[in-house]
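Read top to bottom, the protein sequences are chains A and B.
Quick note on UniProt numbering: the first sequence kicks off at 1 and runs consecutively.
Quick note on UniProt numbering: the second sequence kicks off at 1 and runs consecutively.
Hint data in this document are derived by calculation from the structure and do not stem from the laboratory.
Ideal Cβ placement from N, Cα and C applies to all residues, glycine included.
Cβ pair distances, simulated, as ranges:
hint, chain 1, residue 1, chain 2, residue 2, range
1, B, R23, A, I170, 19 to 25 Å
2, A, N144, B, E150, 47 to 53 Å
3, B, L180, A, Y155, 56 to 62 Å
4, B, R77, A, P113, 55 to 61 Å
5, A, T166, B, Q35, 28 to 34 Å
6, B, Q35, A, F100, 22 to 28 Å
7, A, R23, B, G70, 21 to 27 Å
8, A, I170, B, S112, 49 to 55 Å
Not close to chain B: a few residues of chain A, all C-beta gaps over 12 Å, as computed:
hint, residue
9, T98
10, R130
11, H163
12, V176
13, G178
Looking from chain B toward chain A, a few residues come up when the C-beta cut is under 7 Å (computed):
hint, residue
14, S6
15, L7
16, H31
17, A39
18, A40
19, R42
20, E49
21, A50
22, K53
23, P88
There are 2 protein chains.
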Amino acid sequence: MDRGDSLQRLMEALRCLPGVGPRSAQRMAFHLLQQDRDAASRLHQCLGEALEKIRRCRVCRTLTEDEVCGRCCDPRRDRSLLCVVETPADVLAVDQATVFQGLFFVLHGHLSPLDGVGPEDLGLDRLERRLAEGEVKELILATNSTVEGEATAHYIAELARRHGITVSRIAHGVPVGGELEYLDANTLAYAFEGRRQF
Amino acid sequence: MDRGDSLQRLMEALRCLPGVGPRSAQRMAFHLLQQDRDAASRLHQCLGEALEKIRRCRVCRTLTEDEVCGRCCDPRRDRSLLCVVETPADVLAVDQATVFQGLFFVLHGHLSPLDGVGPEDLGLDRLERRLAEGEVKELILATNSTVEGEATAHYIAELARRHGITVSRIAHGVPVGGELEYLDANTLAYAFEGRRQF
Numbered sequence: 001m002d003r004g005d006s007l008q009r010l011m012e013a014l015r016c017l018p019g020v021g022p023r024s025a026q027r028m029a030f031h032l033l034q035q036d037r038d039a040a041s042r043l044h045q046c047l048g049e050a051l052e053k054i055r056r057c058r059v060c061r062t063l064t065e066d067e068v069c070g071r072c073c074d075p076r077r078d079r080s081l082l083c084v085v086e087t088p089a090d091v092l093a094v095d096q097a098t099v100f101q102g103l104f105f106v107l108h109g110h111l112s113p114l115d116g117v118g119p120e121d122l123g124l125d126r127l128e129r130r131l132a133e134g135e136v137k138e139l140i141l142a143t144n145s146t147v148e149g150e151a152t153a154h155y156i157a158e159l160a161r162r163h164g165i166t167v168s169r170i171a172h173g174v175p176v177g178g179e180l181e182y183l184d185a186n187t188l189a190y191a192f193e194g195r196r197q198f
Numbered sequence: 001m002d003r004g005d006s007l008q009r010l011m012e013a014l015r016c017l018p019g020v021g022p023r024s025a026q027r028m029a030f031h032l033l034q035q036d037r038d039a040a041s042r043l044h045q046c047l048g049e050a051l052e053k054i055r056r057c058r059v060c061r062t063l064t065e066d067e068v069c070g071r072c073c074d075p076r077r078d079r080s081l082l083c084v085v086e087t088p089a090d091v092l093a094v095d096q097a098t099v100f101q102g103l104f105f106v107l108h109g110h111l112s113p114l115d116g117v118g119p120e121d122l123g124l125d126r127l128e129r130r131l132a133e134g135e136v137k138e139l140i141l142a143t144n145s146t147v148e149g150e151a152t153a154h155y156i157a158e159l160a161r162r163h164g165i166t167v168s169r170i171a172h173g174v175p176v177g178g179e180l181e182y183l184d185a186n187t188l189a190y191a192f193e194g195r196r197q198f
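One chain only, chain A, in its complex shape (with noise of 0.2 Å):
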C-alpha cells in the first residue's frame, strides 16, 4: 500500500480509542477501508450523529441526548437517594448490577488538584445546590476504590454533612469467585473489618 497522507491521519486518528497502538490502529485502518467497507461508512455516520446529539444531562451530567436524562425524569425512581459515581459507564454498571432505584450524580472524573481538576470541574456546586434543595436523605458515593477516588469521596462526603445528610460508600471486600490467597493485605483487612453475621 501506499502510505499516502489520508490512510496515514486515519491510523493516527484511531490512536485516540482507548488501549489502540500504532500496530492495532493499523490493522484498523486496512480493516475498515479493505474488508468492511460498509461497517466503515456506518461507524463513520453513527460516530458524527453521536458527537452532534449527545451531551451532559442538565441534572446529572451523564451523557444524554436530551436535555434532561430518561433517569432523572423517570418518576417511579426514588428521588432522596443519590449515588455519586466517577463516570457513565459507573452508571450502567451499577444499573445492571444491582436493584438501585435512586437517581446518580456523574463527577466525569475525580479531584486531581495536580492536574488542574477541582471541585467545579466535577459539578460538585451543581452537586451542593442539589443537596441544599432537602430533596435527597441519602448520598451514597460509589467512586473508584482509588486514592483519587477516596479523596474526592472523603470531599464530598463533608459537602453532605454540611448539609445534614446521610452519606454511605460502597463495601470493600473479597471479590465474588475471589480467592483469598491472591488477595491484596488491604482489601483482606477491609473484608475482615467489614465482616457480617453468617
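Given chain A, work out where chain B should sit, using these hints.
Just chain B now, with coordinates in the frame of chain A:
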C-alpha cells in the same frame, strides 16, 4: 447515562473494528464522547476522508489515493521481481523488514472455495495477464504460512510456471529469537530441511 439511540448505535458500529467486543466498544464510545471530543471529531473527519479517497491501485491492488500507487510508478524499483502477498499490511511489513526493491501484487485474501473466494476475487486473472507480458522474471510467493495461504501459493505457482517464470517461496524456519523447545514440529522439520552451511 441514558442508553439513547445514537450512543447505542455508535457502540454497535465500533464493534466492526477487529478485536473489539461489546465491552471495549462501550469503553471506546464513552471515551470518544466524554473525554476526547476533539480527537473524536478528528477521527470522524479522517475516516470520512479515507473512505472517500482510498481505493485499490489499478496495477497491484494495494490501497492508495491514486489510480496507480507510488510503488508501481517508482522507476527505481526492479520490475522483474514480483512479490505476491495477501494484504496491504503485508506489503508494509515486507517493505519495513527487507531490502526487497521489486514490485508487489496484493491478493486481498486467499483462495477459499467454501467462502466463495475464487481466483478472480484475488485478481489472479489480472496477475496472469501481467505474467504474460514477460516483464516479470521471478515471482516470490509471500502468502501466509497457513493451509489457505499455502494452497493459494501452490495455485499461483502453477500459473507462473505455465508462463515459464521462476517461482520462489519465502523460507520456513526458526523465528529469530525463538527457542527450539517451544517450536512446533512442522516448523522444526522445515528448519532442518532448509539448513545452510554455517
